[in-house]
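Student: Residue numbers (numbering that gives the first Met the number 0), protein chains in the order written: chain A, 0 to 115; chain B, 0 to 169; chain C, 0 to 253.
Hints were generated in silico from the structure; no laboratory data involved.
Don't take each hint at face value.
[Claimed, not checked] Some chain B residues flagged as far from chain C (calculated, every beta-carbon gap over 12 Å): (1) E52; (2) E53; (3) R56; (4) Q60; (5) K66; (6) R68; (7) E95; (8) S97; (9) V111; (10) G120; (11) N139; (12) S147.
[Said to hold, decoys possible] Calculated cross-link-like contacts (lysine-lysine; reagent style DSSO-like; alpha-carbon spacing at most 27 Å): (13) A:K18 - B:K88; (14) A:K18 - B:K116; (15) A:K92 - B:K116; (16) A:K18 - B:K66.
None of these values were measured; they are calculated from a predicted model.
The C-beta atom is built at its ideal place from N, Cα and C for all residues, glycine as well.
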Amino acid sequence: MSSARLQIPPRILQGDVFKVRLLVNHPMDSGFLRDIDGVIIQRNVIRHLVCTLNGREVFRVEPTTGVAANPLFEFYLRATESGDMLFRWVDDKAYIGELRHTLVVEAANASKPASN
Amino acid sequence: MRSRLFSRRQSILAIFQTTLAASVGGFWLGSAKAQVDKLTITGLSEARLRTFEEMVRPYVQSQELKKERVTLSLPMLADNGHMVPLSLKIDSPMTEASHITHVYLISQRNPVPLMAKFVMGPWSGRADLSTRVRLSGNQNVIALARLSDGNFIYDLQEVVVTEAACVDNG
Amino acid sequence: MGLWTIAGLALTSHAQQRLIPLEKLQSGLHYSGAEVQSLQTDEFANPSNIALDSGTKSWAKTDGKSNKSCQSCHGELVKMKGVSIRYPAIDKATGKLFNLEDRIRNCRVKNQKAAEWTFESDELVAMTLAVTSSSRGLPLQAQIDGAAKSHFENGQRLFMTRQGQMNLACTNCHDQHYGQKLYTDPLSQGQANGYPLYRIDWQRVASLERRLRFCYTGVKAETPPWGHSDIRDISLYLMWRGQGLLVEAPAVRK
Chain A
0 MSSARLQIPP
10 RILQGDVFKV
20 RLLVNHPMDS
30 GFLRDIDGVI
40 IQRNVIRHLV
50 CTLNGREVFR
60 VEPTTGVAAN
70 PLFEFYLRAT
80 ESGDMLFRWV
90 DDKAYIGELR
100 HTLVVEAANA
110 SKPASN
Chain B
0 MRSRLFSRRQ
10 SILAIFQTTL
20 AASVGGFWLG
30 SAKAQVDKLT
40 ITGLSEARLR
50 TFEEMVRPYV
60 QSQELKKERV
70 TLSLPMLADN
80 GHMVPLSLKI
90 DSPMTEASHI
100 THVYLISQRN
110 PVPLMAKFVM
120 GPWSGRADLS
130 TRVRLSGNQN
140 VIALARLSDG
150 NFIYDLQEVV
160 VTEAACVDNG
Chain C
0 MGLWTIAGLA
10 LTSHAQQRLI
20 PLEKLQSGLH
30 YSGAEVQSLQ
40 TDEFANPSNI
50 ALDSGTKSWA
60 KTDGKSNKSC
70 QSCHGELVKM
80 KGVSIRYPAI
90 DKATGKLFNL
100 EDRIRNCRVK
110 NQKAAEWTFE
120 SDELVAMTLA
130 VTSSSRGLPL
140 QAQIDGAAKS
150 HFENGQRLFM
160 TRQGQMNLAC
170 TNCHDQHYGQ
180 KLYTDPLSQG
190 QANGYPLYRI
200 DWQRVASLER
210 RLRFCYTGVK
220 AETPPWGHSD
230 IRDISLYLMW
240 RGQGLLVEAP
250 AVRK
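Working from the sequences, and respecting the hints, build out all of it.
Tutor: As structure tokens, then:
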């Protein structure tokens with residue numbers, strides 16, 4: 000079960016386009032490298048990583064062996080609604096990694112200016 | 000690296016590629032072997048430089064391809080091929096009418112040509128992306144984006160990947 | 000050079016001449032490319048962070064027959080500030096020179112009454128990183144008198160001794176040719192202030208011991224087994240040699 004780190008702006012206003020940064024703990028073993036005894040380290044990479052907001056898919060990446068270990072993904076989202084943000088990834092071993100975040104999107108006429 | 004430039008297959012390919020290259024202004028490097036081998040994951044010793052056409056054809060098919068609006072950023076000189084930061088910016092309004100649907104990161108020399116595929120839409124707000132890739136040796140990298148009208152835009156960058164002086168076995 | 004300067008040098012450096020004077024010391028980060036530097040300074044996406052998060056969690060987790068966590072005895076992780084820079088240090092019970100990994104492994108078995116962590120295991124590396132990161136920004140120092148003196152002298156001797164098929168001593172590259180290129184590779188001073196760190200070539204966080212063992216491989220010398228006292232002696236010498244360089248954990252190198 001791999002873990003992950005998430006970074007999104009502390010305050011998000013309705014209509015903002017905000018950056019999402021996700022750092023996932025995963026070796027992304029390519030299957031090309033050998034260990035100290037000369038034995039091939041079996042391929043084990045994340046097959047897909049999906050982000051849903053209130054059940055709707057808002058981001059998907061399908062990496063291959065060409066993505067570095069402990070992958071970092073940065074992408075953008077338009078803030079339309081608050082809700083449950085779920086990141087879910089599955090690897091070659093069929094292990095499922097998950098990270099949940101409650102996304103809070105404030106009304107556009109909030110008193111403080113938009114951040115980031 | 001040897002090249003047999005005058006085989007029939009190479010000539011046919013050359014005409015096709017020249018037409019494609021002329022219309023899109025792409026960068027083209029010759030292949031080390033004349034045969035277009037089916038790329039199997041048998042190890043880095045099998046890796047060779049793919050042609051531009053080989054890299055984009057599986058996705059572009061017969062759609063329009065233009066080198067515009069995509070800005071790919073990679074270091075010109077990578078310290079280590081295991082982790083190379085990659086970011087890209089795409090000029091797109093990301094509206095229902097006009098947006099990016101997919102982004103493909105394609106390697107010229109890696110055993111597996113496709114490094115990652117991203118799926119996005121108007122909900123993304125912006126088509127910009129960042130990640131960290133693996134590059135097995137000096138090569139060109141292509142960021143290929145599919146537009147909502149079915150056509151494609153791209154950018155290409157050459158990366159030199161240096162190797163450590165001490166050979167690692169540990 | 001005045002007599003007082005010589006006397007001062009003798010007192011502070013135990014009459015050992017520093018081949019790289021203190022004012023010329025540079026961290027390995029200085030010799031790293033822009034990408035490695037930006038990976039290290041990225042507070043969020045630093046690849047060491049995964050192991051750091053893991054070690055931080057581990058600190059508060061109860062384990063072993065004692066049913067205690069590290070936190071139960073030592074308090075919060077931040078309280079470990081200043082601890083990692085005291086190592087390598089003589090273990091009073093055994094008289095041996097312990098590096099931080101030895102101390103953690105020992106503490107787990109003796110005090111926590113938990114299963115021993117293998118050298119370079121994920122858990123040990125993560126914990127060592129977590130403890131070292133509490134000393135981030137503190138300068139390296141070394142206690143090289145008393146019982147540690149013979150270890151320091153052995154470490155220094157090893158650093159200066161040619162070995163391996165390539166017949167090179169650490170000093171040949173790291174004192175005599177730092178800043179120059181070995182093929183396309185810029186040579187650093189071989190400083191230890193970043194360890195344990197994420198080594199991109201190994202795609203994981205690595206200890207100083209692992210790195211030093213790899214140096215043996217680099218000159219095609221026989222690698223000492225894990226836990227060997229030579230490695231600890233060299234580590235102690237490196238702490239003295241790099242005195243004043245700041246702890247960088249969580250760090251990144253290529």
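Student: In terms of Cβ atoms, is chain C entirely out of 12 Å range of E95 (chain B)?
Tutor: About 32 Å separates E95 (chain B) from the closest Cβ of chain C, which puts it past 12 Å; holds.
Student: Does N139 (chain B) clear chain C by more than 12 Å, comparing its Cβ with all Cβ atoms of that chain?
Tutor: holds (18 Å)
Student: Classify the label on E53 (chain B) as holds or violated, using whether its beta-carbon is more than 12 Å from each beta-carbon of chain C.
Tutor: E53 (chain B) is indeed farther than 12 Å from all Cβ atoms of chain C, at 28 Å.
Student: Taking 27 Å as the top limit, are the C-alpha atoms of K18 (chain A) and K66 (chain B) close enough?
Tutor: holds (26 Å)
Student: Taking the closest pair, is the beta carbon of R68 (chain B) still more than 12 Å from chain C?
Tutor: Non-interface label stands for R68 (chain B): nearest chain C Cβ at 25 Å, farther than 12 Å.
Student: Does the claim that V111 (chain B) lies outside the interface with chain C hold up, using a Cβ gap greater than 12 Å?
Tutor: holds (17 Å)
Student: Checking a non-interface call: every C-beta of chain C should be farther than 12 Å from the C-beta of S97 (chain B). Is that right?
Tutor: holds (31 Å)
Student: With the threshold set at 27 Å, check whether the alpha-carbon distance from K92 (chain A) to K116 (chain B) stays at or below it.
Tutor: Given that 27 Å is the threshold and the Cα spacing comes to 20 Å, the pair holds.
Student: Beyond 12 Å from chain C, beta-carbon-wise, is Q60 (chain B)?
Tutor: holds (35 Å)
Student: Would you assess whether R56 (chain B), listed as outside the interface, keeps its beta-carbon beyond 12 Å of every beta-carbon in chain C?
Tutor: holds (31 Å)
Student: Taking 12 Å as the cut and beta carbons as the points, is E52 (chain B) off the interface with chain C?
Tutor: Holds, since 30 Å exceeds 12 Å.
Student: Verify that the Cβ of S147 (chain B) lies farther than 12 Å from every Cβ atom of chain C, and report whether the claim holds or is violated.
Tutor: holds (30 Å)
Comparing the model with each earlier hint shows no violations; every hint is respected.
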